[in-house]
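> Below are the chains, spelled out letter by letter.
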Amino acid sequence: MASSGGPMVRLENIHKRFGELEVLRGIDLDISQGEVVCVLGPSGSGKSTLLRCVNLLEPPERGEIFIEGRDICKGPGSAAGEAGWELDFVRQRVGIVFQQFNLFPHKTALENVTMAPERVLDRPTEESKRKATQLLERVGLADKLHEYPERLSGGQQQRVAIARALAMDPHVMLFDEVTSALDPELVKEVLDVMRELANEGMTMMVVTHELGFAREVGDKVIFMDEGRIVEQGKPAQVLDSPREERTKRFLGLVLER
Amino acid sequence: MREFISQYFDVGFMVDHFDEVLEGFWLTVQLSIVAGVLSLIWGLILAQLRQLPGRGFLPVRFATIAYIDIFRGVPLLIMILLISGSIPSLQFLPEWLRIPQWFGKPDNFWFGVFAITITYGAYMAEVYRSGIEAVPRGQMEAARSLGMSHRQAMRNVILPQAVRKVFAPLLNDFIALMKDTTLVSAIALSEVALVGRDLQSDTLNSSALTLGAILFLLVTLPLARFVDKLISREQGRFTRGAPRVEAL
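Protein chains in written order, with this note's numbering: chain A, 1 to 257; chain B, 258 to 505.
Hints listed in this document are in silico derivations from the structure and should not be mistaken for laboratory results.
Treat the hints with care, since some could be wrong.
As the list claims (entries may be wrong) - No more than 25 Å apart at the CA atoms, straight line, and that leaves these computed lysine-lysine pairs for PhoX-like: (1) A:LYS107 x B:LYS486; (2) A:LYS129 x A:LYS107; (3) A:LYS131 x A:LYS107; (4) B:LYS422 x A:LYS107.
Generate the whole structure from the sequences, applying the supplied hints.
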């Protein structure tokens, strides 16, 4: 689907600071169609911020972001602000799933999934309901359509959140530590859904601490520290024989757990 | 003791003047409902103006904050006197606005409504704001990430949750508003306080005012109990199962 066979997502020299704190110090990254890129790194390394840059939740100060070849933040840092951002283009092509689920607590699972398609895409109610039902079945929640988030487990809530993002027919999915807030026994059901999505060819960028998932599902692993990409490559290479000292230290600490 | 009872609780006096007092109280109720509903709407508009995003809306946000600060600080009685004594002499206004007689209500009824709405709108805007700010940031992020505009996110995601959170405090403000409608007696609207006061000065007996107070309590006490119940229910929701607070 990427125009002219270029990368699905291209990041060029992305910089971002929060006040005095420089969170991203020049990130370059290409993600091809169907690729699954897993981003690892210690907390504070800027990995979540990078992910949130891709759909402009955190617009970068400097650098360019291309989605399917289209520059989505012309003149970042300029006074143009939202006017220079292709918000509609981005938000309808890039879905995101959050660590804290962020389901709408006053809506049922089904309504969580149908809301955006109906309001944003003007999809007819019948059609959006049918589609939402299919999506919720696909993530294994056919029997929870009319439950409120409060009555669902963390794993179930996160699967609703994935279905909600998929309802907008995104071309790219971003996952921001989506299993970090879950009890250990609920992690697998969410990872299974993500694995299936990857097998179906979804382009994915996954910030995670799940090394097993990165190894098995990832096409590429990126290790970040202090706002820079320290090392990247095939999962087996980065995880099993890292070249950089910082990567080794980090992996050592994670595996010790 | 007898003197005390006949001064404040003369039942025969109350029965004799019950119809007048009740009529005054009925006007109080109408004034409360009209001004209350308008305050709720005006407060919600103010709260949303205050939350408009981006640099372009800075002047709007600033003006809204100034409005809220000013009208929370000015006594309602002064607002009532200011409006009722000035609007009729502003010749550039059309007559239907200078001397409003809508729905068969006299102009001082409507001046009271204006003053209360201006003042209580500012109070209620702050209550709504506390509700909007109590909705976790992630809700707005999730809604915007799904392609909703700020406006759509406010309407479909943030406000429904915010209003639920502030329903009890809003009702509290409504009770206060209802009691404050008695200030409109200062501009000769025959609501319950003025009826009672006229009877008091004619007869030197205060029982009509006491009756008015009792009628107030008949409405405000159940409302206050209802508010308490709502608050304890809301707190129950939040203390049961601690992790849910995050998930909300």
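> So, for every hint listed, does it hold in this structure?
Hint-by-hint comparison with the structure:
no. : hint                : in the structure
1   : A:LYS107 x B:LYS486 : holds, 24 Å
2   : A:LYS129 x A:LYS107 : holds, 14 Å
3   : A:LYS131 x A:LYS107 : holds, 17 Å
4   : B:LYS422 x A:LYS107 : holds, 15 Å
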